[in-house]
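Student: Below, each chain spelled out in residue letters.
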Amino acid sequence: MIEPLYIPGDRWLHRLPAGYKLAALVIAGVGLFLVQNVWGLLAAFIVAGALVWSTGVGAAACWRQIRGLVWVLVAIGVFAVVFQGWLSAAIVLLRIAALVGLALAVTLSTRSSDLIAVCERALMPFERLGWVNAGKVALALALTLRFVPEIWRHYQEIREAQAARGLARHPVALLVPLVVRTLKRAQQVAQAIDARGE
Amino acid sequence: MMKTQDTVLIALFAALIVVLSLVPPIPLPAIPVPVTLQSLGVMLTGAMLGPTRGLFACLLYLLLAAIGLPVLPGGRGGLGVFFGPTGGFLLGMALGAFMTGWLARRWVSVSGSNLRTVLAYGVACIVGGIGAVYLIGVPWLASVTQMGLGKAALAVLVFIPGDLVKVAIASWVAWRVERVWPILRESP
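First to last, the protein sequences are chains C and P.
Residue numbering for the first sequence is 8 to 205, as defined by the numbering used here.
Residue numbering for the second sequence is 271 to 458, as defined by the numbering used here.
Honestly, the hints are just simulated from the structure, not real lab data.
Glycine is no exception: its CB is placed at the ideal position from the N, C-alpha and C atoms.
Careful: at least some of the hints might be erroneous.
[As the list claims (entries may be wrong)] Partial pick of chain P residues on the chain C-facing surface, computed with a CB cut under 7 angstroms: (1) 339; (2) 384; (3) 385; (4) 388; (5) 449; (6) 452.
[Stated by the list, open to error] Calculated cross-link-like contacts (lysine-lysine; reagent style DSSO-like; alpha-carbon spacing at most 30 angstroms): (7) 421/P to 191/C; (8) 191/C to 143/C; (9) 143/C to 273/P.
[Unchecked claim] Cβ-to-Cβ under 7 angstroms is the rule here; a few derived chain C residues that face chain P: (10) 14; (11) 107; (12) 162; (13) 176.
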């Protein structure tokens with residue numbers, strides 16, 4: 008049900024280690040806020056666009072990711088033109104588009120498992136201090152992925168049962184049974200894990 | 271100390287936030303457009319699990335989005351959303367769940383009257399689920415768009431009525447469920 012946004016490929020962006028890509032993204036994120044020149048930001052936007060295109064993403068998948076952002080950008084653009092003039096509007100919009108494009112390129116070209124591995128390495132110092140238990144984080148992550156489809160099925164069953172009784176979609180009537188089922192399932196799973204002695 | 275039960279609850283509530291983010295937008299009373307239940311899921315998680323587990327459940331949800339799974343409303347995800355103008359509202363959710371849980375644990379009393387209990391949940395959800403989320407989201411929006419703090423705050427005012435309806439629903443649901451299945455006061 009939740010397919011990763013990653014697109015399999017073997018271009019150079021795919022082969023670059025995930026840690027480097029994330030570090031470059033953070034540096035670019037800070038750097039782009041220091042650039043106030045519209046041509047510099049236009050160049051950054053073109054680079055970001057080229058990187059997204061180089062991942063081999065389809066137009067439909069790309070549109071689904073930026074669709075929500077387009078309306079926010081339109082609103083911000085209109086606002087900036089009215090209050091700050093065309094040039095500031097162009098600077099703000101190009102900076103946001105470049106940043107989002109770069110981040111999207113990283114997401115499209117990096118496996119989820121590689122990003123998790125980077126997270127694990129970043130958490131290592133905290134684990135040595137005893138603040139984080141990597142085993143429990145991994146268990147929680149695996150459980151979440153495992154239970155999204157199941158909770159989704161519960162949602163549909165509750166919806167169908169209520170529709171059969173002629174009830175319209177109502178958040179309270181939906182949420183109380185859904186949360187109780189989730190709690191019940193959590194108790195069963197916890198008992199099963201403890202019984203296995205892990 | 272975290273028990274297995276706590277780890278499982280954190281994971282399943284993160285999954286619940288994913289499902290609530292992905293269900294088709296639901297029409298709410300007094301709100302002209304249908305809304306997604308993502309922020310309702312965050313309030314509910316804080317109000318039911320308490321501060322620490324609520325925070326972790328929310329962070330887990332954000333981690334899923336960050337590693338490129340389409341768990342945000344509309345099937346979006348990936349790092350792009352975090353770097354965009356509304357990224358602050360995402361990070362604010364973690365603080366929001368924590369604050370909601372912390373206040374709910376302080377104010378919600380087991381023995382109090384029903385009305386008082388629902389109101390305590392409601393105030394906790396308003397401070398955490400709206401206040402804390404906007405506390406990070408609005409300055410972030412203002413700095414990314416350079417529109418100034420006051421104007422950014424004005425721009426997001428349109429979302430407050432919908433958020434208040436979600437607060438009412440989250441408080442009601444948390445109260446109903448906590449009555450039959452109390453978990454707010456378990457450790458940690």
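Student: List, from low to high, the hint numbers that the structure doesn't satisfy.
Tutor: Going through the list in order, the structure violates hints 2, 3, 4, 5, 6, 7, 10 and respects the others.
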